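> Read top to bottom, the protein sequences are chains U and G.
Those letters in the first sequence? Residues 218 to 322, per the working numbering, in order.
Those letters in the second sequence? Residues 299 to 453, per the working numbering, in order.
In case anyone wonders, no lab produced these hints; they're calculated from the structure.
Honestly, I wouldn't trust all of these hints.
Stated by the list, open to error - Stretches of chain U that chain G covers, calculated by requiring three or more beta carbons in the stretch to come under 8 Å of a beta carbon on chain G:
1) 268-274
2) 277-286
3) 290-303
These numbers come from a predicted model, not from an experiment.
The beta-carbon is built from N, C-alpha and C at its ideal position, and this holds for glycine as well.
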Amino acid sequence: MAALINVPSRAKRGEIIEIRTLTSHIMETGFRHTADGKLVPRDIITSFICRYNGDEIFRADLFPAIAANPYLSFFTVAKESGKFEFEWIGDNGYSSTATASITVE
Amino acid sequence: MPTTRRQFLNLAGGVTVAGTIPVVTLRPLQATPAMLNAAIRNIVGEAQLRTGRVKLDIPPLVENGNTVPMTVSVASPMTADDYVKSIHVFNEKNPQPNIGNFYFNPSSGRAQVSTRIRLADTQKVVAIARLSDGTFWQVAAEIVVTLAACTEELN
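Let's have the full structure, built from the sequences with the hints guiding it.
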């Protein structure tokens with residue numbers, strides 16, 4: 218469930234800021250076999266959502282072609298001080314959340 | 299009359315020139331496997347797919363297909379009436395044609411996303427952007443992969 222979030226702690230109003238997220242997940246493709254020929258079942262994160270003070274600012278659908286420990290970097294306009302909420306949803310009921318706060322001057 | 303080397307080269311040159319014309323006018327990219335085409339049509343529908351505006355940053359040669367850094371960006375002012383709605387990334391030869399769908403809105407400020415992807419083979423990666431005015435733009439990149447991902451055996 219460990220997630221690494223990189224959001225600037227301070228920003229000027231109207232500035233475009235980069236948000237970088239990294240979460241630990243195996244992202245098992247469902248296409249690999251064990252040495253004795255059994256298919257390893259798929260276990261991936263299927264979606265990621267980022268909300269800024271409750272409003273969705275970025276969303277992603279992920280597929281097995283996303284590397285293990287999904288890294289995502291995207292941008293937003295710093296509008297007001299507040300909180301970013303991050304949510305990862307995946308196979309087998311996987312769900313993980315993280316938050317980060319920002320001060321906008 | 300036996301073909302001379304010069305005649306052969308002339309012929310080969312002619313074929314190359316003819317082969318580049320579809321690349322300029324491409325609707326869905328030429329010579330893509332059916333799965334990739336189907337996946338693209340699934341997103342684009344019957345709309346026209348134009349080339350340009352999208353930038354796909356990906357190394358042309360990767361040693362390890364298990365983690366390939368990729369950045370997609372679209373030149374857009376990202377205002378309320380002119381912004382990028384989504385970016386869709388596809389591949390040609392992985393077991394599945396989809397890589398990721400990324401959704402934006404005007405408060406994104408910049409239509410750019412970076413992630414790390416898996417590539418199972420030397421192949422083409424296609425990025426398609428859907429703009430708020432309903433147009434679709436695409437770009438493709440060829441990537442040479444020396445160590446494949448996705449289907450290898452577990453130890």
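> Each hint: holds or not?
Do the hints match the structure? See the list:
{"no.": "1", "hint": "268-274", "in the structure": "holds (count 4)"}
{"no.": "2", "hint": "277-286", "in the structure": "holds (count 9)"}
{"no.": "3", "hint": "290-303", "in the structure": "holds (count 6)"}
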